[in-house]
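Each protein sequence line maps, in turn, to chains A and B. Sequential numbering of the first sequence, starting at 21, is according to our numbering. Sequential numbering of the second sequence, starting at 21, is according to our numbering.
These are computed hints drawn from the structure, not numbers from a lab. If you're wondering where the values come from, they're calculated on a predicted model, not measured in any experiment. Check before you lean on any hint, since a few could be wrong.
With a straight-line Cα cutoff of 30 Å, these simulated DSS-like cross-link-like pairs (lysine-lysine) come out [said to hold, decoys possible]:
1) B:Lys33 to A:Lys39
2) A:Lys33 to A:Lys102
3) B:Lys39 to B:Lys102
4) B:Lys102 to B:Lys33
5) A:Lys102 to B:Lys33
6) A:Lys39 to A:Lys102
Residues per chain are reported as follows:
Protein chains: 2
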Amino acid sequence: MTDAVRPAQLDPKIAARLKRDANGLMAAIAQQYDTGEVLMVAWMDDEALHRTLTTGRCTYWSRSRQEYWVKGETSGHLQYVKSVALDCDADAILVKVDQVGAACHTGDRTCFDADVLDAVVGERPDAVPAGQAAGPGRAAGQGQAG
Amino acid sequence: MTDAVRPAQLDPKIAARLKRDANGLMAAIAQQYDTGEVLMVAWMDDEALHRTLTTGRCTYWSRSRQEYWVKGETSGHLQYVKSVALDCDADAILVKVDQVGAACHTGDRTCFDADVLDAVVGERPDAVPAGQAAGPGRAAGQGQAG
């Protein structure tokens, strides 16, 4: 959307396809590589992505402090990088990590542990196995279901 | 950060603690509830969150079309809601879902399947079990490790 707003050493071929928000940022999701836990959401600019790709540890951009931040540098709760992927729009980043200790500054393992909302649970009306696309006829039926 | 920018039926007690971006939005991560796959990242405003909490299916706000969007309404690739949680900052939402078929508009199962970047892999220097916090002494050592 916008160019990088800070100098960055990111590979220009990657930088060219990023879609950044008005602040030059992309949402980054940290997921524990083996358990699949979604640990936290933070923000990366081009340079944070570059550092994450090249150092083996996650670096984010702190919107509140306006500075780079190596996750765990002060707390010891480091995130070791296992893989990094862009989404289909290149405006979100999934980093699979090995998280030492708590990912959340509150001491919780993940940032999503403490505030679970009441929600109506949906049930698929039939047993389409996960990963198998529903055909158009089935789709119409599901569109009418609860 | 900002008030809701569109009328919403969301429970005021939830709305009061949300931290929205300048466009009134929060990042929403959809995760397959049983396999743990991170399927996609999209955006919710207050009303999209309300509909997601009350209908059993995920509703997002489309930034490009500027309209609400029930995931799968046209494709049949619906997302049935299993749980919804806010993060510790209340500016990101994790929705665990049962995803019918492909989550990505490209036909891939997830939006993160196609663009995996080359990354240096990090290794924790010792065997702290996941979920167990490292003490300060350990943290200092890890801060110096690669």
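Status of the hints after comparison with the structure:
With a C-alpha separation of about 34 Å, the suggested pairing of Lys33 of chain B with Lys39 of chain A is violated against the 30 Å cut-off. This hinted pair checks out: Lys33 of chain A and Lys102 of chain A have alpha carbons roughly 21 Å apart, not beyond 30 Å. Proximity of Lys39 of chain B to Lys102 of chain B is assessed by CA-CA distance (about 23 Å); at most 30 Å being required, the pair is judged to hold. Simply put, Lys102 of chain B and Lys33 of chain B have alpha-carbon atoms about 21 Å apart, close enough for the 30 Å limit, and the pair holds.
Proximity of Lys102 of chain A to Lys33 of chain B is assessed by CA-CA distance (about 38 Å); at most 30 Å being required, the pair is judged violated. For a cut-off of 30 Å, the pair hint linking Lys39 of chain A to Lys102 of chain A stands: about 23 Å separates their Cα positions.
Violated hints, listed in ascending order, are 1 and 5; each of the other numbered hints is respected by the structure.
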